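Residue numbers (our numbering), protein chains in the order written: chain A, 1 to 69; chain B, 1 to 425.
The hints are simulated quantities; they were obtained by calculation from the structure and are not laboratory data.
From a predicted model like this one, the values you see are computed outputs, not experimental measurements.
Think of the CB as a built atom: it goes at the ideal place given N, C-alpha and C, for glycine as much as any other residue.
Among the hints, a few may not be true.
Ranges between beta-carbon positions, derived for each pair [unchecked claim]:
{"no.": "1", "chain 1": "B", "residue 1": "T152", "chain 2": "A", "residue 2": "Q35", "range": "33 to 39 Å"}
{"no.": "2", "chain 1": "B", "residue 1": "I168", "chain 2": "A", "residue 2": "K30", "range": "24 to 30 Å"}
{"no.": "3", "chain 1": "A", "residue 1": "Q35", "chain 2": "B", "residue 2": "R237", "range": "22 to 28 Å"}
Counterexamples of contact, computed for chain A against chain B with all Cβ distances above 12 Å [what the hints assert, rightly or not]:
{"no.": "4", "residue": "S3"}
{"no.": "5", "residue": "L5"}
{"no.": "6", "residue": "Y6"}
{"no.": "7", "residue": "I13"}
{"no.": "8", "residue": "F17"}
{"no.": "9", "residue": "E26"}
{"no.": "10", "residue": "K30"}
{"no.": "11", "residue": "Y31"}
{"no.": "12", "residue": "R50"}
{"no.": "13", "residue": "L68"}
Only some residues are given here: those of chain B computed to face chain A with a beta carbon under 10 Å [said to hold, decoys possible]:
{"no.": "14", "residue": "V362"}
{"no.": "15", "residue": "V373"}
{"no.": "16", "residue": "T410"}
{"no.": "17", "residue": "I414"}
Each chain is listed here by its residues.
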Amino acid sequence: MGSFLYEFFINGIKKFFENTFAQIAEINRKYAVPQVKTNKWTNFALLMLRGYLILLIAILFLKFFTLLK
Amino acid sequence: MNFWANLFYKYRRWWKAFKMYLILAGPGLIVMIADNDAGGITTYAATGAKYGYHLLWFLVILGPIAYYVQEMTVRLGAVTKRGHAEAIFFAFGSFWGWFSLLDLILTDWLTLITEFIGMTAAMSIFHVPGWLTVTVVCGIMGFMVLQGRYWTWEKIAILFCTVNLIYIPAAFMVHPSVGNVLKNCVVPHLPPGGFTNELFFLLMANVGTTIAPWMVFFQQSAVVDKGMQEKDIGMGRLDTALGSLFTILIATFVIIVTGTVLRGMNIESAGQAAIELMKTNKYLGTFLAIGLFDAGFLGAICISLASSWAFGEVFGWAHSLNKNVKEAPWFYAFYFFAIISAGVVVLIPGAPLVLITLFVQVIAVTLLPAALVFLIILLNDEASMGKYKNTLWQNIINITIVTAIIALSTAYGISALFPNLFKGS
Chain A
1 MGSFLYEFFI NGIKKFFENT FAQIAEINRK YAVPQVKTNK WTNFALLMLR GYLILLIAIL
61 FLKFFTLLK
Chain B
1 MNFWANLFYK YRRWWKAFKM YLILAGPGLI VMIADNDAGG ITTYAATGAK YGYHLLWFLV
61 ILGPIAYYVQ EMTVRLGAVT KRGHAEAIFF AFGSFWGWFS LLDLILTDWL TLITEFIGMT
121 AAMSIFHVPG WLTVTVVCGI MGFMVLQGRY WTWEKIAILF CTVNLIYIPA AFMVHPSVGN
181 VLKNCVVPHL PPGGFTNELF FLLMANVGTT IAPWMVFFQQ SAVVDKGMQE KDIGMGRLDT
241 ALGSLFTILI ATFVIIVTGT VLRGMNIESA GQAAIELMKT NKYLGTFLAI GLFDAGFLGA
301 ICISLASSWA FGEVFGWAHS LNKNVKEAPW FYAFYFFAII SAGVVVLIPG APLVLITLFV
361 QVIAVTLLPA ALVFLIILLN DEASMGKYKN TLWQNIINIT IVTAIIALST AYGISALFPN
421 LFKGS
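Looking at chain A on its own, in the form it has when it is part of the complex (with noise of 0.2 Å):
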């Protein structure tokens, strides 16, 4: 019985990560290619974006780093 749950609930684990995972890769292969017409103005908002978003998590680790202090 024991080894029946066990085997039960490792399988049933088991494949679900195997399910998630495989639709994240669907997912992924989906949406490879973005699909929206970019022109300098999209590619620089994007790019600013990208630099905010280093930024915010840059002042993150900083905060993290003045609590452990």
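Model the placement of chain B on the given structure of chain A, informed by the hints.
For chain B alone, kept in the frame of chain A given last:
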């Protein structure tokens, strides 16, 4: 005879348009009124208590700003028939898609916790234990989605929106000076004491509570789930405009109540404001507590749906309130997981609720700029938007608004992380 015939014709035309509006009304009204969630009511209560009526003009400005941002989601949803999460994946690829989706899920879940904090705080004023509030709220939220029709969910949500109007009689009960209120609504000015860090923080908090990332995702998905078409964009705009009018009206009336009765007090939460109001007038306190509960509830029903819709869109699950549990099991499973887990967190003794509230502001700041920038880019994509793409004026207005919101919300997020940073002056 011709006059009466014309009058009758006009009446029929208006009546037909009104009936059409009643059919199409919903996403704009609900998202805007739910925007005054538990955190929003706390912000308005604190603003009124600290500065009286002096910042009413600022709220009046925020109304059109909220409208312009949300109006874009109506067009995008009605034309592309995609929710915002799916639209980002489609247009910008999986990197930005996953970033937005995961950030949204985290922000929404944390915000959901703050809504439960607000609801339990409001009900604790009536001596209702937290576990009972959480159980009943989850039950009602479950009932709302399980009846199997978007239309029914929307009408129940609108019913809860009308409860939010409770602040209007509350404001009349405190006998405010109408002339003074009107003057403060239309004349921009700084409160006595000038521009201080505290004022700056409250202004940013008001902006942060008026434009939230979940609103963009919610309204676009709601427009799609409702099945709105391109021809319905006009009514969608009217719905959003009325919603923004109501959101500002409600915020104004909260400020009038606390600005009249609690002037000069430091208010940390709307629950505290309700308790203080109880000491003056028990009906006032009761009204504020009911309003706070309703605000938290409206926020919770919208935020949980925004996440479930977004996940369903991306994973390709059936994700409509028009589907039953058998047809869309993952959509409902995600919805219930979100609300139950958020409710349970509030009940955990010693849970870091203050830290969570703080964290929401910071995480929202990482998502809001991305969601707004994507919105502008998507609205300029002629291939998918056709004649509904942004005009030059719409771009000028929206880009100005988005730039200002990004700057202010970033300052707000940073000030939440480093509270002493802006206390230099």
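Status of each hint after checking the structure:
For the pair T152 (chain B) and Q35 (chain A), the supplied restraint of 33 to 39 Å holds, since their beta-carbon distance comes to about 35 Å. At about 49 Å, the CB distance of I168 (chain B) to K30 (chain A) disagrees with the hint of 24 to 30 Å. Separation of Q35 (chain A) from R237 (chain B) is about 26 Å and conforms to the stated range, judged on CB atoms against 22 to 28 Å. Non-interface call for S3 (chain A) relative to chain B: holds, since the shortest CB-CB distance, roughly 29 Å, exceeds 12 Å.
With a closest Cβ-Cβ approach of about 23 Å to chain B, L5 (chain A) is found to remain outside the 12 Å limit, as its non-interface label requires. Listed as outside the interface, Y6 (chain A) is consistent with that label: its C-beta sits roughly 25 Å from the nearest C-beta of chain B, beyond the 12 Å cut-off. The Cβ of I13 (chain A) lies farther than 12 Å from every Cβ of chain B, with a closest approach of about 16 Å, so its non-interface assignment holds. Every beta carbon of chain B lies more than 12 Å from that of F17 (chain A), the smallest distance being close to 15 Å; the non-interface claim holds.
Once the 12 Å rule is applied to beta carbons, E26 (chain A) is inconsistent with being away from chain B; the minimum gap is 8 Å. Interface exclusion of K30 (chain A) from chain B breaks down, the closest Cβ pair being 8 Å apart, not more than 12 Å. Interface exclusion of Y31 (chain A) from chain B breaks down, the closest Cβ pair being 4 Å apart, not more than 12 Å. At roughly 10 Å from the closest C-beta of chain B, the C-beta of R50 (chain A) falls inside 12 Å, breaking its exclusion from the interface.
The beta carbon of L68 (chain A) sits about 14 Å from the closest Cβ of chain B, which is more than 12 Å, so the claim that it is off the interface holds. The beta carbon of V362 (chain B) is positioned within 10 Å of a beta carbon in chain A (closest approach about 7 Å), and the interface hint is therefore held. Taken as an interface hint, V373 (chain B) checks out: its beta carbon lies about 5 Å from the nearest beta carbon of chain A, inside 10 Å. Because the closest C-beta pair between T410 (chain B) and chain A is about 8 Å apart, less than 10 Å, the hint holds.
The interface hint given for I414 (chain B) holds, since its Cβ lies 6 Å from the closest Cβ of chain A, which is under the 10 Å cut-off.
In this structure, the hints that do not hold are numbers 2, 9, 10, 11, 12, in rising order.
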